[in-house]
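Here is what each chain is made of, one letter per residue.
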Amino acid sequence: MKNRFIRHLTAIFILLFFSLTIKAGEATDRIKAATDKLIEIVANHDLDAPEMAEKRAKMIRETVDEVFDWSEFSKRALGKNWRALSKEQKNEFIFYFSQLLERTYMDKTRNYSGEKMIFLDEKIDGKYGTVGSKITLSSGKDAAIEYRVIKPGNKWFIYDVYVEGISLVSNYRSQFSTILTKSGYDELLKRLKAKVDEQS
Amino acid sequence: MKKLSTIISGIIMLMLLSGSISAGSNTAINTAESSAADYVDNSILLAQADTAASGTEDDIYLEDEMMDDLDEPHESIADPLEPINRAFYHFNDKLYFWVLKPAAKGYSAVVPEPARRGVKNFFNNISFPVRFVNCIFQGKFEGAGYEVGRFVINSTLGIAGFMDRATSQFEMPEYDEDLGQTLGSYGIGHGFFLNLPLLGPSSLTDTIGSAGDAFLEPMNYLDMKTKYDLSIKAVETVNKTSLRIGEYEDLKKSALDPYVAYRDAYYQYRQSQIKK
Numbered sequence: 001m002k003n004r005f006i007r008h009l010t011a012i013f014i015l016l017f018f019s020l021t022i023k024a025g026e027a028t029d030r031i032k033a034a035t036d037k038l039i040e041i042v043a044n045h046d047l048d049a050p051e052m053a054e055k056r057a058k059m060i061r062e063t064v065d066e067v068f069d070w071s072e073f074s075k076r077a078l079g080k081n082w083r084a085l086s087k088e089q090k091n092e093f094i095f096y097f098s099q100l101l102e103r104t105y106m107d108k109t110r111n112y113s114g115e116k117m118i119f120l121d122e123k124i125d126g127k128y129g130t131v132g133s134k135i136t137l138s139s140g141k142d143a144a145i146e147y148r149v150i151k152p153g154n155k156w157f158i159y160d161v162y163v164e165g166i167s168l169v170s171n172y173r174s175q176f177s178t179i180l181t182k183s184g185y186d187e188l189l190k191r192l193k194a195k196v197d198e199q200s
Numbered sequence: 001m002k003k004l005s006t007i008i009s010g011i012i013m014l015m016l017l018s019g020s021i022s023a024g025s026n027t028a029i030n031t032a033e034s035s036a037a038d039y040v041d042n043s044i045l046l047a048q049a050d051t052a053a054s055g056t057e058d059d060i061y062l063e064d065e066m067m068d069d070l071d072e073p074h075e076s077i078a079d080p081l082e083p084i085n086r087a088f089y090h091f092n093d094k095l096y097f098w099v100l101k102p103a104a105k106g107y108s109a110v111v112p113e114p115a116r117r118g119v120k121n122f123f124n125n126i127s128f129p130v131r132f133v134n135c136i137f138q139g140k141f142e143g144a145g146y147e148v149g150r151f152v153i154n155s156t157l158g159i160a161g162f163m164d165r166a167t168s169q170f171e172m173p174e175y176d177e178d179l180g181q182t183l184g185s186y187g188i189g190h191g192f193f194l195n196l197p198l199l200g201p202s203s204l205t206d207t208i209g210s211a212g213d214a215f216l217e218p219m220n221y222l223d224m225k226t227k228y229d230l231s232i233k234a235v236e237t238v239n240k241t242s243l244r245i246g247e248y249e250d251l252k253k254s255a256l257d258p259y260v261a262y263r264d265a266y267y268q269y270r271q272s273q274i275k276k
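Going line by line, the protein sequences match chains H and Y. Take the first sequence: its letter number 85 is residue 85 in this note's numbering, and every next letter is one higher. Take the second sequence: its letter number 98 is residue 98 in this note's numbering, and every next letter is one higher.
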């Protein structure tokens, strides 16, 4: 009788453990791993020295590239205009746009002062999903950050980030479509390149 | 005794199972994925940011046809007054960098951050009637109740509103509702984008909304001469800015067309607030 009770108990613990591991979610795990790595890099004061700046930037870039799907970002930011581009143009666009976004990300890490990121929930629908999180800013306010993820193969990648309900991709899409309507693709690429140069 | 332990463990198991089923349904949907096979290697190649081997490269953009999102019209706000709005954008931009930011920086050099947060909380607490009434207008009675609770807690335990005890200790976050959102929730669109001098981005509906909200703002009923009134507004603005230095700069720095980025950010933010 006692034996039976223990068996039940073990079963419960196994189930409990199992359900917990599922709950965290693959996508959340990937983003969390990358975030932890980023925080480690940013908090490492050995990398603050000017001569280490390049190494630091490279480490951040590699970490970010691991989880962000830049081709998805580019596609969605250009909308239907994406189809009109040749293969070379697409690759060129992805190259510059990813640099701009990486720089933006890097600038954000410069202001980092120990804010904690909490992952809230993960919703999956087919190969798409959302990962909800929040970060407490130095002003004491919580900012909601939602990642949109896609699983093209066996790994999840981020293809959009919503900060307080504002989609990064949509924001760029508005800008790109304004420039495309007014001045065309060549002008857009020119301005994109100029922006990347200006930041480096 | 035996029965009891079986029943209890049975119940617990059921609870756990239902928990893991709801969590596991994520993965279940995963496997029921449709035919995206050729898409698979492509994005990985691109995600590695490598120019892939020429054999597979031809297939890289095949999945374009499958992306319905590409053809979805992009939601944005009408902007018939763009030239004027842009002019005011440049005006406000200069105002920020030449006046507001230096003032906010000087102010934060003197007033430490906790105190500045306190001032922000104070002004926020006083605006309680705006949020309360708009919660009611939108039928969010629970929110209205929360707002009353927040006002009582913060005005007393929070020492006249300087501390947001309701959020930090009672887990009662603010219900940030205003008349613009109320009108939005009634199905009234934004009308069009308006960038106002000094006040910044707005829309036709939101401008009407904030004019209406002004009647609910206790600060506006203070019996004071205009100049005092103005300086209260100035303190509030400078204080708020001091806590947000860098946000506008970031937006501007990462944008190809800062005005459009600004307009879109406003639109998206308001849309998400209305949906809440």
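It is worth saying that the hints were derived from the structure and are not from the lab. Keep in mind the model is a prediction, meaning the values are calculated, not measured. Incorrect hints may appear among the rest.
To be verified - Lysine-lysine pairs mimicking DSS-like chemistry, simulated, CA-CA at most 27 angstroms apart: (1) Y:K101 to Y:K276; (2) H:K108 to Y:K94; (3) H:K55 to H:K32; (4) H:K80 to Y:K105; (5) Y:K105 to H:K116.
Said to hold, decoys possible - Distance windows between CB atoms, simulated: (6) H:A53 to Y:F97: 20 to 28 angstroms; (7) H:K134 to Y:F170: 15 to 23 angstroms; (8) Y:G191 to H:K116: 21 to 29 angstroms; (9) Y:S272 to H:A49: 22 to 30 angstroms; (10) H:G153 to Y:V235: 51 to 59 angstroms.
By construction, the Cβ of each residue, glycine as well, lies at the ideal position given by its N, Cα and C atoms.
Checked hints:
1. This hinted pair does not check out: Y:K101 and Y:K276 have alpha carbons roughly 32 angstroms apart, beyond 27 angstroms.
2. For the given pair, H:K108 sits about 23 angstroms from Y:K94 by alpha-carbon distance, which is consistent with the 27 angstroms threshold.
3. A threshold of 27 angstroms between alpha carbons decides the hint, and for H:K55 with H:K32 the separation of about 22 angstroms falls inside it, so the pair holds.
4. Only pairs whose Cα atoms come within 27 angstroms are accepted, and H:K80 paired with Y:K105 is rejected, the gap being roughly 44 angstroms.
5. Between the alpha carbons of Y:K105 and H:K116 the distance comes to roughly 25 angstroms, so the proposed pair stays at or under 27 angstroms and holds.
6. Separation of H:A53 from Y:F97 is about 26 angstroms and conforms to the stated range, judged on CB atoms against 20 to 28 angstroms.
7. Between H:K134 and Y:F170 the Cβ separation comes to about 18 angstroms, which falls inside the hinted range of 15 to 23 angstroms.
8. Hint check: Y:G191 to H:K116, Cβ distance near 40 angstroms, so the stated range 21 to 29 angstroms is violated.
9. Distance hint check: the CB atoms of Y:S272 and H:A49 are about 41 angstroms apart, inconsistent with the given range 22 to 30 angstroms.
10. The beta-carbon spacing between H:G153 and Y:V235, approximately 55 angstroms, falls within the hinted interval of 51 to 59 angstroms.
The structure shown violates the earlier hints numbered 1, 4, 8 and 9.
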